[in-house]
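Number of protein chains: 8
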Amino acid sequence: MTGHSRRRTRGRSAPELAIGTYARLDRGRGARIGVPEVVLGEGKTVAHLTGIVRGLARAGHGALISRPTEAQRAALRRLAQQGLPLRSLADGRLFRLEGPLGVAYRPGVVALVTAGTSDVPLAREAEALLGELGLRVATAYDVGVAGLHRLQRAVRRLEARRPEIYLAFAGREGALPTVLAGLVRAPVVGVPTAVGYGRGGRGEAALAAMLQSCAPIAVVNIDAAVPAALFAAQRFARR
Amino acid sequence: MTGHSRRRTRGRSAPELAIGTYARLDRGRGARIGVPEVVLGEGKTVAHLTGIVRGLARAGHGALISRPTEAQRAALRRLAQQGLPLRSLADGRLFRLEGPLGVAYRPGVVALVTAGTSDVPLAREAEALLGELGLRVATAYDVGVAGLHRLQRAVRRLEARRPEIYLAFAGREGALPTVLAGLVRAPVVGVPTAVGYGRGGRGEAALAAMLQSCAPIAVVNIDAAVPAALFAAQRFARR
Amino acid sequence: MTGHSRRRTRGRSAPELAIGTYARLDRGRGARIGVPEVVLGEGKTVAHLTGIVRGLARAGHGALISRPTEAQRAALRRLAQQGLPLRSLADGRLFRLEGPLGVAYRPGVVALVTAGTSDVPLAREAEALLGELGLRVATAYDVGVAGLHRLQRAVRRLEARRPEIYLAFAGREGALPTVLAGLVRAPVVGVPTAVGYGRGGRGEAALAAMLQSCAPIAVVNIDAAVPAALFAAQRFARR
Amino acid sequence: MTGHSRRRTRGRSAPELAIGTYARLDRGRGARIGVPEVVLGEGKTVAHLTGIVRGLARAGHGALISRPTEAQRAALRRLAQQGLPLRSLADGRLFRLEGPLGVAYRPGVVALVTAGTSDVPLAREAEALLGELGLRVATAYDVGVAGLHRLQRAVRRLEARRPEIYLAFAGREGALPTVLAGLVRAPVVGVPTAVGYGRGGRGEAALAAMLQSCAPIAVVNIDAAVPAALFAAQRFARR
Amino acid sequence: MTGHSRRRTRGRSAPELAIGTYARLDRGRGARIGVPEVVLGEGKTVAHLTGIVRGLARAGHGALISRPTEAQRAALRRLAQQGLPLRSLADGRLFRLEGPLGVAYRPGVVALVTAGTSDVPLAREAEALLGELGLRVATAYDVGVAGLHRLQRAVRRLEARRPEIYLAFAGREGALPTVLAGLVRAPVVGVPTAVGYGRGGRGEAALAAMLQSCAPIAVVNIDAAVPAALFAAQRFARR
Amino acid sequence: MTGHSRRRTRGRSAPELAIGTYARLDRGRGARIGVPEVVLGEGKTVAHLTGIVRGLARAGHGALISRPTEAQRAALRRLAQQGLPLRSLADGRLFRLEGPLGVAYRPGVVALVTAGTSDVPLAREAEALLGELGLRVATAYDVGVAGLHRLQRAVRRLEARRPEIYLAFAGREGALPTVLAGLVRAPVVGVPTAVGYGRGGRGEAALAAMLQSCAPIAVVNIDAAVPAALFAAQRFARR
Amino acid sequence: MTGHSRRRTRGRSAPELAIGTYARLDRGRGARIGVPEVVLGEGKTVAHLTGIVRGLARAGHGALISRPTEAQRAALRRLAQQGLPLRSLADGRLFRLEGPLGVAYRPGVVALVTAGTSDVPLAREAEALLGELGLRVATAYDVGVAGLHRLQRAVRRLEARRPEIYLAFAGREGALPTVLAGLVRAPVVGVPTAVGYGRGGRGEAALAAMLQSCAPIAVVNIDAAVPAALFAAQRFARR
Amino acid sequence: MTGHSRRRTRGRSAPELAIGTYARLDRGRGARIGVPEVVLGEGKTVAHLTGIVRGLARAGHGALISRPTEAQRAALRRLAQQGLPLRSLADGRLFRLEGPLGVAYRPGVVALVTAGTSDVPLAREAEALLGELGLRVATAYDVGVAGLHRLQRAVRRLEARRPEIYLAFAGREGALPTVLAGLVRAPVVGVPTAVGYGRGGRGEAALAAMLQSCAPIAVVNIDAAVPAALFAAQRFARR
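Sequence lines, in order, name chains C, X, R, D, B, S, H and F.
Residue numbering for the first sequence follows my numbering, starting at 1 and increasing by one per position.
Residue numbering for the second sequence follows my numbering, starting at 240 and increasing by one per position.
Residue numbering for the third sequence follows my numbering, starting at 479 and increasing by one per position.
Residue numbering for the fourth sequence follows my numbering, starting at 718 and increasing by one per position.
Residue numbering for the fifth sequence follows my numbering, starting at 957 and increasing by one per position.
Residue numbering for the sixth sequence follows my numbering, starting at 1196 and increasing by one per position.
Residue numbering for the seventh sequence follows my numbering, starting at 1435 and increasing by one per position.
Residue numbering for the eighth sequence follows my numbering, starting at 1674 and increasing by one per position.
Looking at chain C on its own, in the form it has when it is part of the complex:
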């Protein structure tokens, strides 16, 4: 369930880092697949999460912690006060453990677009993560399809930055990635967001609509901003 990474020369050192009996970090992941260690908070006990973070810090690894719960966030802040090199990003939706991430990317631009204001906090997660990886982002938020002129103007501005990939965040009817993909030349990845009520709410309609898109887009799961950002980043991974 956890992601793991570390800069290492191939083959050197033990390939895993055992933490208690409950975690086994994959030290070679960054070098092997070009994606840093991202520890998913949600679902782990606070004790397990803090144990993992301490273990990584002790071993000198850098990492990111995604989707922390309220209790985990408090525990991570306590660890930071105790001197662990932890920073809160994107209003506490992401944490960064300082240290090498074991990945290297060529320069490039990722465009982030949201349909509404409600999708912005998720886009900020992607923005923060891509920033930590040294990639540049170009953003246009609240440019949904009910007012096309907003979108068309935003597209002109973004295209000037020459992004190599677009992440399009949308909840409710999830039409943005489809409309966007009819306007731009770079691949578009749809990120459905858990916005909306009633039938198809919580991102279900958006996900289904993106899967049914008449444009050739790919998608990630509902609210999966971090996986989307990693998928985008992998494009820039140096071999």
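Hint data in this document are derived by calculation from the structure and do not stem from the laboratory.
Each hint should be verified, as a subset may be incorrect.
[As the list claims (entries may be wrong)] Pairwise CB distance ranges, derived in the manner of DEER restraints:
| no. | chain 1 | residue 1 | chain 2 | residue 2 | range |
| --- | --- | --- | --- | --- | --- |
| 1 | B | T1001 | H | A1481 | 26 to 34 Å |
| 2 | D | G851 | B | Q1038 | 51 to 59 Å |
| 3 | R | G612 | X | R478 | 22 to 30 Å |
| 4 | S | R1331 | D | R771 | 25 to 33 Å |
| 5 | R | P578 | C | H149 | 16 to 24 Å |
| 6 | B | T1001 | C | H149 | 38 to 46 Å |
[As the list claims (entries may be wrong)] Which residues of chain S face chain B? A few of them, derived with a C-beta cut under 8 Å, are:
| no. | residue |
| --- | --- |
| 7 | A1285 |
| 8 | V1340 |
| 9 | A1341 |
| 10 | G1342 |
| 11 | E1368 |
| 12 | A1370 |
| 13 | T1373 |
| 14 | G1377 |
| 15 | G1391 |
| 16 | G1393 |
| 17 | R1394 |
| 18 | E1399 |
| 19 | A1403 |
| 20 | A1404 |
| 21 | C1409 |
Where is the CB? At the ideal position from N, CA and C, for every residue including glycine.
Based on the hints, put chains X, R, D, B, S, H and F in the right spot on chain C.
Coordinates of chains X, R, D, B, S, H and F only, in the frame set by chain C:
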């Protein structure tokens, strides 16, 4: 399950028309609610459907028959050959039994728009039904959201006809009614169509997306072209 | 995701109003599509929502805020105490920011009907919104189909007001719009409500039943009182 | 999966009748629970079904066969031609193997009501089964809720027969049992039918609506006309 | 949504009792359909519920209040302290407003059976309601199918009471009503309960299993103890 | 997707057998995991399936072919006529390619039980497969829970064979494995079968009920007779 | 719903232990089916649960209590303080009431494997339960399929312990049991865990994936660690 | 619904090509978004599809036709016999209309991997399409996760080709893309295939598992081989 109608001066004659023990037609429906008799074919036995049509013809009622199955279509054609005043419309997706429908409408225009070519046969059902009711239609087909310029040009052309209501047919991601509703001043009714494969296919994603629309549209069920046309027509019913 | 509107003579002034980097209001929406700015509260952070409201107020726009969460409601009340022209409607389920809404309607009556007492708070949202738009409403609440005489009497009373459209709110089995549509001449829009427990509860059975209605009704999503009211209002929009 | 029955004095003879290695009929079921042997056709191989019917005939049991497939129907007709005492009922939707059913009922009336014409073939299954059991039925078909006067007149006629239980068949929005239960004094059992297309079609909306009914009805599964008739019959079983 | 009843000689007095603009009680329901007024708490605002109870008390009606929320329960207790004739039943899962219920039943026994201990609180709701209606109950709780001897012994004890109908409560795999129906002569109504976790939990598997039962049982919705009890009671209603 | 196996001394010979570019058989599977090669027919083109079978035969492997479609069955019969050592089992629901399967089991008994006659063809698949593997089976078919005495007698007979594991096949409400697991000492694996109509039909209710069982059973997917038999067989695999 | 057990010589003493009117414990279960009494906490009232525990203690039975809620946990701790022989296991996710469990097992090893750290608390429930039954466990946690080398090393270590059955815990995509079953010779039971967000989250995707496994595994319900452990234990039950 | 493209110098000629009233091809799509015209067959009438193909041919456009139905395939073959430059690809699952596609790509390699033999026909669609676009493919088929060594060997072979993106096709449990993404450095797109029976069959489990993947993959809809190939190709589009 069946709809029934007949022109009658209010209160005159028996309010229902019994056909065998299996059908009871509501003779006052047209005058009461402004919607003609439409008999749904699908789901009925061929014997029941032809019995109803014969009964209506004998009583001098006009009616429409929607969604006939292949077997029902053949049976209706045989009835026509035997002299019943039955006409096939929209490539046999609708049949018209000649005779008074018991409804009266003021003049008006309904705009019909489809996202793709696959939605056209359903739109033709609505087109034919509205034509039988004496209403005018303005159409723009295959103007989906992956190529916005097509849609924007179509909207300009349709708006010149000053439609009072739009029916927007779309399958797959079902984005057309939402985008359209951001461009026009008349109410938009979304008609999801059973187009698309995989998850959310057969109109499920389109329906969910239309229910989640960030524009104030109303919807009908998947492939419900005839109910949508009747809902639109009711707006023009004379009191 | 947000709706936006503003009175403007066509083409005058910048077409959007940017608020921070997270919101871009569509200033021409009211004039273009005949629907006022309604900002959906639920799903936005409190900071984003109050930022949008302040931005609209500063720019002299009027608007409505729908489905505020408890925390948003408290924040809106604080803004009102600080002098922003904000009023709570329908027991705080809707807020009105004073100022021009950019829309104009001809006079007309919308009928609102509920199946039960539990549906009344939602109907009150529609009632309040239509009132702010200057439209008249005729209401009959708790007239569900388990006691037909209640409904039949209510219909006689409402028809005397000559409504041009009906909004019928029902949870549980959602039969009201179907029965109502067999009794009245104006179009009926079903609004399923999240009432009921067990299978099909939270409005799911009501929505499905309305989509399957043997009468030609249109529907909106579960609890979508505000979109239903806007759809009804659009009928009266002056061109 | 099969139902089984046979007249026997309590405790006498072997309690089961083995047929090949694939069927074991419960000879005491009729006497024990007041319900006759009904063999469900659908799902069995033709060889198994005909084996069971031959075995029952050889042992002198009577039985009913429900939901035969097209191939099973042909096989049963061949058995009848070979002299087995088999009769087709309800247009071949039910077969009767002559012989004692092992059940005894006091006299009584069951009312059968359908919303539409499409529901009639299912109601005929119940009608035929109840007839074989010696119970009386009162019927009113195609009296759905879109034309209330039809239903109200039908109820008056049926109530004059003093039925002790109602079976109400409805597809699509499934509102009939709810409305009916607000009008009559006997218990109402809803039988959803697989009528309708799009979302909630094939009886799904009808079933959900009946489960959500605001009237105290009970329900059976979609198209379960025979189980509904047996449930009704059990009320009249002599102890 | 609400149920309503009152003892009245047929035709006497106004047929409905309006309470504010939000409730309209059906005064003739008890006499018409043989079921008392049961007001569903859940889903109503506290103000609406207490308004209805006060209105009924003022008009001299008796009633039951089902599924009160925690806040409603507190409000009902306050009303009782203020002198309204309200009693809490079944650990506060049901309340009784004293006064005539407008229904009359012949004597009879209803058997209540639960599969587990977790189903007992729901069975107690039915027990209390049937007691208020003057019917007798015979109970056997925690006699699920994983230990058949428990069930077989319980059945012998219950059958000695000669119940005319069984209500069988079961969550999880919901097998109890099916097994029970193979053992007893009276009709069995399954009441799925929201017991169980994981897939099919919250009563979904139990409901589906009961609908699929190979025995001829009828079912009500998940946790619908009160509708089940009313359905059972109706059997004993005097005409 | 395919399973693959072959007798080999560990490490000897190439670990995979490539057939065209479309199949790569895992030659060490039998020795490694104690399960023979079973090629799933359904889903493959006829050309691919016959190619795989020819390839296996040419390489001297034995195998089983499960769930062949009608067209595949015909093609396999043609291969047999051409001299390939192929035998049809269980009425053509399974085929055996003669040759070593690469597995070895200690002696033991598997008990197979079905709720109804409709489940027997699936149980026969398991019976045939276990027979090919040299394991013994004890069977009791059509002993469902609506007649407990049948089941109790069958259990006594089966227990005398001292089975080490039970496979319990049931469709519809799927109660058999739960009731059985309360009676026997060996582990019970539930095999839901696609028997039943309406909601929860096609095995969905049976699967959910087995997952919710209040007895500690394990389950396989709907109609997964072959995987269930392999799971049972693995218990007897020699190390 | 509850499980029940007790050591007894066959046939001796009353077969059930009644506690109030709400629980009836099956005293012979352990001896009959080889599984101890495990009382499911969740779903029971606190009063019922403590009543059952007191009743068992008074009768001298041992038992386990699974899935206690927070309130039940507090109540059980109070009972322990009052002197009942209750111990908390697995961080309070399981409680042990001291006393004979009525079961006896031959020695053996069960392997427990988890895909991630989030699955560990569930695996600990199984670990604790198997320990109470006197069985040995071999564990490897956080060895999911995104880093195969971790899994391959863990398998070598576990196989050295010669486990007779594997329980593989995995949430999210649930691939672990499938991959594991391709590597080991003992049967694998998949335990999907409620880990993951968005579509397929809360264990739904993991369960579906395990049911669809191309390896012959069996599964239990989401989070059903205790049923999985009992299923595994039954393999070692002495007859 | 249809995709459309054509080589054109920017701004030259009319932007759409109208065919009858039912199709409007987007002539600038290829140049604008780097994706050729692909006409989806399935869902269109034969007359509409052949009309579109003739129209494109007449206008000198090249195109691809995907997912033709059996009837459409026959019609396309007749058109080819009449001289239209149409070629069948991938066993008739794709057709190529000769002529310029309006797109240009830099050289590059796409890796195609399937879990089983059943997934191969879909992978062949992608193979054929990428070939028509001038891109190179590296393939490894039937390398699913139940035999890891097959996959690990395949990965080594593919990596030597230095693919920039992987398309991983898998049905049933859909684990392949997740395991693959833990082994390779290029981004992985999962393509769930409609392989498998029972719950989660027809690709539903595979899709859910891919969305839940603990590796950062993106996905397309079930069987969406062509959209996946277009998404991959877009990466190589020249600006």
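- Query: Where does the structure disagree with the numbered hints, that is, which hint numbers, in rising order?
  - Reply: Going through the list in order, the structure violates hint 7 alone and respects the others.
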